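Participant: This is what each chain is made of:
There are 2 protein chains.
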Amino acid sequence: MKLMRALLAALLLAAAGAAVHAQDTAPVERWGSKELTLDGPRDGNPFLEVDLAATFRQGARAIVVDGFYDGEGRYKLRFMPDSVGEWTYETRSNRPALDGKRGKFTVGPAQQGNHGPVQVKGTHHFAYADGTPFWQVGTTSYGWTHQPEATERQTLATLAAGPFNKVRMLVFPNQDVKHQPPRFPFEGTPPKGWDFSRFNPAFFRHLEQRVGDLRTLGIQADLILFHPYDKGYWGFDQMPAEVNERYLRYVVARLASYRNVWWSIANEFDYLTNKQMPEWDRYFEIVQARDPYQHLRSIHNAMVLYNHSKPWVTHVSVQSGAIAEDFERAVLLRDVYMKPVVYDEVKYEGNIERRWGQLSAQEMVLRFWTGAIAGTYVGHSEIFKDPDDMSWLGKGGALRGESPARLAFLRQILSASPAEGLEPIDKWQEYPFAGKPGAYYLGYFGRQAPVSWPFALAKPGLKDGMRFTAEVIDTWNMSITPVPGVFELRRQDNYSFADKDGRSIALPGRPYMALRIKKALD
Amino acid sequence: MKLMRALLAALLLAAAGAAVHAQDTAPVERWGSKELTLDGPRDGNPFLEVDLAATFRQGARAIVVDGFYDGEGRYKLRFMPDSVGEWTYETRSNRPALDGKRGKFTVGPAQQGNHGPVQVKGTHHFAYADGTPFWQVGTTSYGWTHQPEATERQTLATLAAGPFNKVRMLVFPNQDVKHQPPRFPFEGTPPKGWDFSRFNPAFFRHLEQRVGDLRTLGIQADLILFHPYDKGYWGFDQMPAEVNERYLRYVVARLASYRNVWWSIANEFDYLTNKQMPEWDRYFEIVQARDPYQHLRSIHNAMVLYNHSKPWVTHVSVQSGAIAEDFERAVLLRDVYMKPVVYDEVKYEGNIERRWGQLSAQEMVLRFWTGAIAGTYVGHSEIFKDPDDMSWLGKGGALRGESPARLAFLRQILSASPAEGLEPIDKWQEYPFAGKPGAYYLGYFGRQAPVSWPFALAKPGLKDGMRFTAEVIDTWNMSITPVPGVFELRRQDNYSFADKDGRSIALPGRPYMALRIKKALD
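Protein sequences, first through last, are from chains V and B. Sequential numbering from 1 applies to the first sequence in full-length UniProt numbering. Sequential numbering from 1 applies to the second sequence in full-length UniProt numbering.
Looking at chain V on its own, in the form it has when it is part of the complex:
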């Protein structure tokens, strides 16, 4: 009996030993993506029948990651390590060929430009995992990954040269009868002959390549998991709930290891009228449960707001045609939700007949500045009349509008602001300033065209004798002009401190002017 037990133990050890992979030598950086590939069964339907996961360990930590079938008998597991040093892993599967595989690998420091995933910072702002502030300047290009290769490369070149650090983009193609997308997410025949039980790995590999391209560019991919722009044409907007749930698990298994992923459960969710609210809640819960890294999660509306106070919503993602025109509108949802607020759709720059696509560039830029001084973040896109129905909003390619240059300028200003984020200073008093009390103030006059601004700051954080310098910013012409001299404070009334000599700052009488005021370096 003893002998038999010893023999069994030896056999088990040998088997385990055989399963230990050699030290994997491909270098992995912190917040990079470690990929394991395993050969496994091709029989039956691997998408439905094979379970695969792995536990990655470092010290006392254990992180469980779902694997996925990538076609042709290949199974993959992807892991985003958040700390350097040695990690080990061990797989679990209902198929012996995939079960009990173990190995280890070493994670090196993050390379330049890799700050980790973006997370919520404080109550109303974002930062990368390494602490670097993330000042969201987003755009939307729904179908850019469903275009011919040349167009997609042009989009990437445009993004590389542009101001945006986040792109909202559809996983599923939208309806486009004239230009059929090159790939579809399921096996089958367009427009509606799909086998919803079999994903098309090539479709997802392509999506991953593009998300990886954005990662290289330092751009967040705000992945829209469902959308109503299919209108039943491909039918991806009307799949059974079990297919939706399997799809969510598959997307998360494939893409969660990309540090630049955000999950947008849907765009204009309320236009998907065959899905009820509990279904949306369930989809949030699935993504929340399966994503080991807890990437940012939200959902975008048309006319009905999702209740962003639900616990699985990390930040507010809102469409509103009017909210970012006025800073006292924009500030309201901060207090309601106590989460970072992104106005992802505030109408678009363009010249089409639909009123959601006819903002002037000035109005597009105004919304970004208004959002910024309300302590919130705004999203851009553009749509101009085009004989081929080409638009940045729909397909990517080139940008034609005049706002992006000004948004690049804004992003510079934001990036030089306090790391804590811009906080509204005095929210109900027609006082359009945000910043950090006592240290930094960014004001914006929007459509008003004042010729002077009496130097006065709202009282929090101030006392007599404090000294400040100022700059006049022309947000449209992209100039920053220092104001000569230093302003010294004296209490003016119960609410404010003014310059002790009653001085004002001269302004040019044009709209879209801003002020930047900083505590003087003594």
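Hints are not guaranteed to be accurate.
Dumping the calculated DSSO-like pairs for lysine-lysine here, alpha-carbon to alpha-carbon at most 30 Å [claimed, not checked]:
id: 1; chain 1: B; residue 1: Lys436; chain 2: B; residue 2: Lys459
id: 2; chain 1: V; residue 1: Lys231; chain 2: B; residue 2: Lys463
id: 3; chain 1: B; residue 1: Lys459; chain 2: V; residue 2: Lys310
Chain B is nowhere near these chain V residues, computed Cβ spacing over 10 Å in every case [stated by the list, open to error]:
id: 4; residue: Phe47
id: 5; residue: Asp82
id: 6; residue: Lys101
id: 7; residue: Glu149
id: 8; residue: Val177
id: 9; residue: Ser309
id: 10; residue: Ala361
id: 11; residue: Trp428
Anything over 12 Å on all C-beta distances counts as not near chain B; from chain V, calculated [unchecked claim]:
id: 12; residue: Ala289
id: 13; residue: Glu328
id: 14; residue: Ala330
id: 15; residue: Asp335
id: 16; residue: Ser452
id: 17; residue: Ile505
Derived by calculation from the structure, the hints in this document are not laboratory data. On a predicted model such as this, the values are computed, not experimentally measured, just so you know. We put the CB at the ideal spot given by N, CA and C, even for glycine.
For this one, chain V is given, so just place chain B on it according to the hints.
Facilitator: Frame of chain V; chain B shown alone:
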């Protein structure tokens, strides 16, 4: 044995028979308050030691109502029947003298002016229980029930002659060192020598008298259960949680049978910094659990919003200094909460140095109209400089401002609007109209002073050939001027229908103008 059992049964029957009250002949109307008075123990501390409740029954319905100790050996139970006919009751108590009391009484129809309690109607509006719309035109007079008799009578006379159908009012007195309130809610000695285990029934009887006076006037009493204006002076803002909970049960037991009661858990709840959020939730739950009639419940903020999407909140009660100045601000919280929205504090008419109390009458009225066309409701108050610190806001008495007359005019306009309530017509397009698509439109131009308005209506509910009449309303000068002729619609573009002959409505070039447009009676 059989004999003994029969004897016991006979004794029990006799005892039960003795407990059956004669038919109570005092008439009770539907939604009136039926009061039962019982004599009971005076020993020990009845507030802590005696439990009393009664079940009121009609047919299959049973409604359990808490009783309360009213001092001097008297116990009371109050019940608000919501249907006519015969009701029975039976008490339950841990004291034999109060237990098992039974009786019956007959409820007659509601008398004139009694429409029952106010409830939520649809998503965003209010109605009385009998279906009559309730168009909230509220005011605030915090301490009006803590004044000398003459002042309180003056307040009631002012209310009787004024435009308001709701008053926000404090249960607990606020700090007022110069004028000590006549009564306190607990036994003991002011300012802080209270026995929190013993309520002062005379205090609550007085409060009930005033709530009853408001009921007679057809005015809702929005009872503020906690407030921060004590500042520790009386200490009612810093009682232990168990006292707060007992107080809530006592107030609900005493006052829930008044059909005009609304529960406001607190005013500026976030200024009561010694109470944390779970405590507020708990107070809501107590009121929700003990109130058999489910009177309206909300809570009012200073700088931090309570999450009004919590299930026990029936409607939104918000302070915001800026939200009701602009209809596209005001409309936002409707979509967030999907409940009726009342902006109970939007700054006040007055001339004090604090910026929350220096609105012009025009600005006060503007906020009401702006709120109305955003499909929301607004609250008034006023505070003028006064040598005796007398103000409507603080103590009641007389109104000095110029807004109330205009609010009476607004209330007339509202009362003549569709019973479903005013719904914003096209919320993101600088289109300041609310109403009922295809039937009724109320527009308001606020501070703008247009000289004409091109007749155009947003498309929902419209088709070519529909005919409308219009009136020009001067909201400040309180005039309604019919526009001659009838406007016939023709589709203008993808979003609107205009007058087929391109006509406009002439306007006087003054601010505060409104338009009322109704489908023509053919």
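Participant: Now, for every hint given, state plainly whether the structure supports it.
Facilitator: So, going through the hints one by one against the coordinates:
1. Lys436/B to Lys459/B: Status holds; Cα separation ~12 Å.
2. Lys231/V to Lys463/B: 26 Å, holds
3. Lys459/B to Lys310/V: With Cα atoms ~34 Å apart, Lys459/B and Lys310/V exceed 30 Å; violated.
4. Phe47: Its Cβ never comes within 10 Å of chain B, the nearest being 38 Å, so this holds.
5. Asp82: 31 Å, holds
6. Lys101: Since the minimum Cβ distance to chain B is about 46 Å, Lys101/V lies beyond 10 Å and the statement holds.
7. Glu149: Correct as stated: the minimum Cβ-Cβ distance to chain B is 36 Å, above 10 Å.
8. Val177: Holds, since 21 Å exceeds 10 Å.
9. Ser309: With a cut-off of 10 Å, Ser309/V comes too close to chain B, as the shortest Cβ separation is near 5 Å.
10. Ala361: Check passes; 19 Å lies beyond 10 Å.
11. Trp428: 3 Å, violated
12. Ala289: 23 Å, holds
13. Glu328: 4 Å, violated
14. Ala330: With a cut-off of 12 Å, Ala330/V comes too close to chain B, as the shortest Cβ separation is near 9 Å.
15. Asp335: 5 Å, violated
16. Ser452: 22 Å, holds
17. Ile505: 23 Å, holds
Against the hints set out earlier in the document, violations occur for numbers 3, 9, 11, 13, 14 and 15.
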